[in-house]
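What follows is each chain in one-letter form.
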Amino acid sequence: MTPQEYNGHVRKMMIILSKANVDSVYAAMVLANGARMEGIESEIFCTFFGLDAIHKTKMDHLHISTVGNPSMGIPTLLGGLPGIEALASFMMKREMEKLDMPPVREFMDIIKASGGKIWACKLAMDMFHYTTEDLYEELDGVLTVGDFYTRAHGFGTQIIFI
Amino acid sequence: MDKVIAGKTISVNEEGYMTDLSQWNEDIASEMAKEYDIELTPKHIEVLTYLQEQFKNNVPLSIRKVGSSGVVSIKELYELFPNGPLKISTKLAGIPKPASCI
Numbered sequence: 002m003t004p005q006e007y008n009g010h011v012r013k014m015m016i017i018l019s020k021a022n023v024d025s026v027y028a029a030m031v032l033a034n035g036a037r038m039e040g041i042e043s044e045i046f047c048t049f050f051g052l053d054a055i056h057k058t059k060m061d062h063l064h065i066s067t068v069g070n071p072s073m074g075i076p077t078l079l080g081g082l083p084g085i086e087a088l089a090s091f092m093m094k095r096e097m098e099k100l101d102m103p104p105v106r107e108f109m110d111i112i113k114a115s116g117g118k119i120w121a122c123k124l125a126m127d128m129f130h131y132t133t134e135d136l137y138e139e140l141d142g143v144l145t146v147g148d149f150y151t152r153a154h155g156f157g158t159q160i161i162f163i
Numbered sequence: 363m364d365k366v367i368a369g370k371t372i373s374v375n376e377e378g379y380m381t382d383l384s385q386w387n388e389d390i391a392s393e394m395a396k397e398y399d400i401e402l403t404p405k406h407i408e409v410l411t412y413l414q415e416q417f418k419n420n421v422p423l424s425i426r427k428v429g430s431s432g433v434v435s436i437k438e439l440y441e442l443f444p445n446g447p448l449k450i451s452t453k454l455a456g457i458p459k460p461a462s463c464i
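The listed protein sequences derive, respectively, from chains A and B.
For reference, each letter of the first sequence is one residue, going 2 to 163 in our numbering.
For reference, each letter of the second sequence is one residue, going 363 to 464 in our numbering.
Looking at chain A on its own, in the form it has when it is part of the complex (with noise of 0.2 Å):
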């Protein structure tokens, strides 16, 4: 493609996950998945704690933080007791399940089924000593930052980082 044929319309989506809280692990799945929905490319790329999104035993059991999030609307000092956040954790995910969001595990078995694509960060992957055994078994690879960059080449890609 030229410059000149380059009609200017978002043709890849390249998402970084740095985090595991429900909220931002959600919002990275629903961008990837509605992008590849859209007929664009997308793929996930998890770095530091957003690996456990990946993480075959913790991807099952993620959390919402209750501490140091206002929107919450729980005071810090109660956020913090024992059982708060696994069940304000807990209701999130069942009025997820009623507008028909998908568990961790199986919204990225559609963004696979999809043809999008998902990595873990090899640097990330050293640090907390995670080999792919550890990782989900649909996972595409492991990266470095450098070939991240060039996965992004080409007209029309957009990198997010949440």
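These are computed hints drawn from the structure, not numbers from a lab.
Where a beta carbon is used, it is the ideal one built from N, C-alpha and C, also for glycine.
Treat each hint with caution, since some may be false.
In silico PhoX-like links for lysine-lysine, alpha-carbon gap of 20 Å or less [claimed, not checked]:
no., chain 1, residue 1, chain 2, residue 2
1, A, LYS118, B, LYS437
2, B, LYS427, A, LYS113
3, B, LYS437, B, LYS418
4, A, LYS113, B, LYS437
Which chain A residues face chain B? A few, computed with CB under 10 Å, are given here [as the list claims (entries may be wrong)]:
no., residue
5, MET30
6, GLU39
7, ILE41
8, GLU107
9, LYS113
Given chain A, work out where chain B should sit, using these hints.
Below, chain B without anything else, positioned relative to chain A:
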């Protein structure tokens, strides 16, 4: 607005989605499919029929629901209607574009 497709006058909205399912037939779907370089197969028709049934029963559509319907997998749906599985399939089925984000 009115539009003539496959020799039949149909009413469509500004995005080209049919507004009256009773006007739909397979010839119209085939003609519309050409715009997306899709040649309709019996599998396409099976999916379109399923979508029409869901619409008639007022079931909101999502990619997840279609994928778990047993009619077609999500991967197949993307293969049948590339570049917009729900957006294109609903258009060819003569039903409204789904307002879902998932």
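Hints versus structure:
For the hint pairing A/LYS118 with B/LYS437, the CA-to-CA distance comes to about 14 Å; that is within 20 Å, so the pair holds. Under the criterion of a C-alpha separation no larger than 20 Å, the hint pairing B/LYS427 with A/LYS113 is consistent with the structure, at around 16 Å. The suggested pairing of B/LYS437 with B/LYS418 is violated, with an alpha-carbon distance near 25 Å, which exceeds 20 Å. Of the pairs offered as hints, the one joining A/LYS113 and B/LYS437 holds, with about 9 Å between alpha carbons and a cut-off of 20 Å not exceeded.
For A/MET30, the suggested interface contact is upheld, since its CB lies about 9 Å from the closest CB of chain B, less than 10 Å. Interface restraint check: A/GLU39 against chain B, minimum CB-CB distance 6 Å, threshold 10 Å, status holds. Evaluation of the A/ILE41 hint against chain B yields a held restraint, the C-beta minimum of about 9 Å falling below 10 Å. At a threshold of 10 Å, the smallest CB-CB gap from A/GLU107 to chain B is about 8 Å, leaving the interface hint in force.
With its C-beta approaching chain B no nearer than about 9 Å, A/LYS113 sits inside the 10 Å limit, and its interface hint holds.
The structure fails hint 3 only (numbered hints given earlier).
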